[in-house]
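Asker: One letter stands for each residue in the lines below.
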Amino acid sequence: MRLECTVNDEARSLDGVWEGESLLYVLRERLGLPGSKNACEQGECGSCSVYVDGILACSCLVSAGQVHGARVITVEGLAEGDELHPIQRAFVEAGAVQCGFCTPGFVMVTHDLLAREASPTEPEIREALAGNLCRCTGYQKIVDAVQLAAKMLEEE
Amino acid sequence: MRGTTADLDTAVRELARPVSYPVGTSPDRPDGPPKTKGEFAYSSDLWAQDMLWGRALRSPHPYARIRSLDIAAALAQPGVHAVLTHEDVPGRKTYGLLIPDQPVLAHDVVRFQGEPVALVAADHPETARRALDLIKVDYEPLEPVTDPEVSIAGTAPPLHPEGNIVAQLHIRHGDVAAASERADVTVTGTYELGMQDQAFLGPESGLALPSQDGGVELFIATQWLHADREQMAASLGLSPEKVRLTSAGIGGAFGGREDLSIQIHACLLALHTGRPIKMSYGREESFFGHVHRHPGRLEYEHGATRDGILTHVKARVVLDGGAYASTSREVIVVAATTAAGPYAVDHAEIDAYSTYTNNPPCGAMRGFGAVQSCFGYESQMDKLAAALDMDPVELRRRNVLPTGGKTPTGQVVDVPVPVRELLDQLEAMPLPPAENPDEERMRPGGVANTTHGEGVRRGVGYAVGFKNIGFSSGADDYSTARVRLSVSRGELTAEVHTAGLEVGQGLVVVQAQIARTELGVDHVLVLPADTQIGNAGSSSASRQSWLTGGAVQTTCAAVAAEVLERTAQRLGVNTDRCRLDAGQIVTAAGDFVASMVDIVADEPIELIREYHARKTTPLDANGQGDPHWAFAFAAHRAVVDVDVELGLVRVIELAVAQDVGKALNPKALEGQIEGGSAQGLGLALMEEIQVEDGCVRNPSFTDYLVPTILDVPPMRLAILELPTPHGPYGLNGAGEPPTISSTPAVVAAVRAATGMPLPRVPVRPTDIVEASLLT
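Residue numbers (the working numbering), protein chains in the order written: chain A, 3 to 158; chain B, 157 to 931.
It is worth saying that the hints were derived from the structure and are not from the lab. The structure presented is a predicted model; accordingly, all values stated were derived computationally and were not measured. A couple of the hints might just be wrong.
As the list claims (entries may be wrong) - Straight-line alpha carbon distances no greater than 20 Å define the calculated SDA-like cross-link-like pairs of lysine to any residue that follow:
| no. | chain 1 | residue 1 | chain 2 | residue 2 |
| --- | --- | --- | --- | --- |
| 1 | A | K153 | B | V265 |
| 2 | B | K470 | B | F444 |
| 3 | B | K249 | B | E386 |
| 4 | B | K292 | B | V265 |
| 5 | B | K823 | A | R91 |
| 6 | B | K539 | B | C851 |
| 7 | B | K539 | B | T559 |
| 8 | B | K823 | A | D11 |
| 9 | B | K470 | B | R613 |
| 10 | B | K249 | B | Q233 |
| 11 | B | K249 | B | E348 |
| 12 | B | K823 | A | A120 |
| 13 | B | K470 | B | A543 |
| 14 | B | K823 | B | G886 |
| 15 | B | K539 | B | V265 |
| 16 | B | K539 | B | P189 |
| 17 | B | K823 | A | E23 |
| 18 | B | K823 | A | D146 |
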């Protein structure tokens, strides 16, 4: 099938997309955007989180056809140029990145949280991030990163 | 060029600045920014022109004879480029990290559910998947061996020529019969652990490229490049030089990448098709595609005098290794040799077995046998304390193995055993407040709003654990580093090249910190790990900072010596007591002698060195010997709330005290301790691969529960730095200890809250509720 959508503010048009492909597959294998990660294929880990028309979604659970005409933002679309987005900077500085496979998903969900709530409490952070799995950090430094990011964004 | 020599000296002196981020500081990781931006190339992110997708057909049966295999229909499918079976394996038909007993592709028999039987290469992953469905395998299911006790008894048909025991150890230490006469109190217990999964987030994956010389190149997420290459070369029928491996980005490991997964398969397909092959498991296949933590059953007897001094320990440890050997032979050595805990036990009898069954294969996972033993001996210490009516922490303090004391194998422990110090640190930490009534998210059940506090009981538990560092039993444990010091674009640059793999732990930044410290150079490049350099051993066993770190330090020291030697020759000065500091050669007093740029610019210095750990010995027939070259220690205090009516547990706080010798990078180290503790919490409360009749019931993240950010509580850390006498910078291994004592501490807290024995992990809600109904 033919798929037309906007990804990271760029209009994309794809031919020959198999109907069974997920948005995640299209992003990773057809559009060369592997930042969204494949880790569970069933919406349990949050590693493939993207915005679809402004709503955070697990791209492994969205079929390619569903984004026809939609506006998709991936982790590759957050930073401007070589500069890190403050949330990305906070994850690096807080030590919240180890293997890093979960990091794009956590960056996306943090972006979504801080857009809704500029200075969340720790229980609010934990609740908002509960759909994302990290196996390396024990989450302590991820909580630190979200708090640091909130502060950085406030100061900007 | 810049002006005169005199001008240059002045300029350099003015520019000289302290070397940023030496050992002991926490610089940001170089791979951090690309990882946050989604630009870091993990093994599943790779792509090549004309690439095909590889997939494996796996056995649905835990044990079956293969009557016939028909690939014709799959091969005829449009888009399918190859279908391979065991007949297409040109070299050794089997592989294995220690014992090559596992078929590359099954022939005649499959011994576990998920065993690879055939391979497909196709132009789309879905085409490959559909082709697998067209492969006709006629299986004759056989009665699986699923009980390790049957394997030990030898009453089932042998799954392997040597029988159904992978390894057994019988440690005889002192005189247990006489010592047990002196015991005023004796407690016995049987403890069980379910099968835990490493659950690294990045699935097994890689890209294989056929080379023009008939060899193959593989970009792969693994823990040990050289061990992979050796096994791959044997099965591919190639000389090792023709098998080249480079580390792709690794999405976690935790032991689960120490054995091969896609390595041989992807290369077979690449060599057969002449095209690049990408293989990438989904989560379900990942559960079948790597070994897990051994499930265990441990029977114990502990005796003590009335004042709480241990008289003896008897233990019988059974770890089920499943269908193939993997590392079971060494996991059982660790389980057996740590089975009495970090305590002074002069009389011990320890019998330990690892078995073959038709259950999923088990091997390395963070803690490697010490997790299983620690749950046993720490549960026993609590039970003994209760029988003695003694504070459990006090009981542990009274029995600490002293430095210079002997383990049950007769090995003298010549490093600090800071168990008292660790417990002191934990006890000195304030306890969390009794309850926060306004915050339902902090109660058991969380936002599910299952309780308003009624039926909720608080419990506190302690545990101590220890483990050897590195490879044991006489293995030559070492790593290799190449360091090149040069001037590039006017800047002094050190290149560090090792095969030590960055699996998330931070080795990449620690290597750079060591080079900066040793060479006084600011600009350090850590090159990608590959097989162009010598062996580094695996990123496992808490060993890389020590051994690869030691290799980098040793090599840098040799490079520094060369710089001084060259300086002495060229300038005609004595540099015996000089050192390198911030780009300069300086005297012991810090006075300028020469600029390193001047000494190195015309001729780079490049050296390769190895760093070897101390020698060890295998155990003898009585389980005596010096099998380990180092030991590390940690302790936990867990505070839990338990809803005893619903069996729900909320860990309120997990406090950790660990001696690390020297924190090379405190931030990375904290991450290791916090992450390791979380994995121990997972084993305590939720993580188990459920196996019935040899079949896995929950191969997904929907049904295999990994702790979320709501399950893991805030952690308090106390990091001790008691220098390890023979460690580089005094460091000790640090990756595994936090995983070891975490599990028994959490369970001890749940026991304290409920008063129930809870002899099995993970503790399930039904364990708590059913036990409460019985009482």
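Asker: Which numbered conditions among the earlier hints are violated in the structure presented, ordered from lowest to highest?
Answerer: Hints 1, 2, 6, 7, 8, 9, 10, 11, 12, 15, 16, 17 not satisfied by this model.
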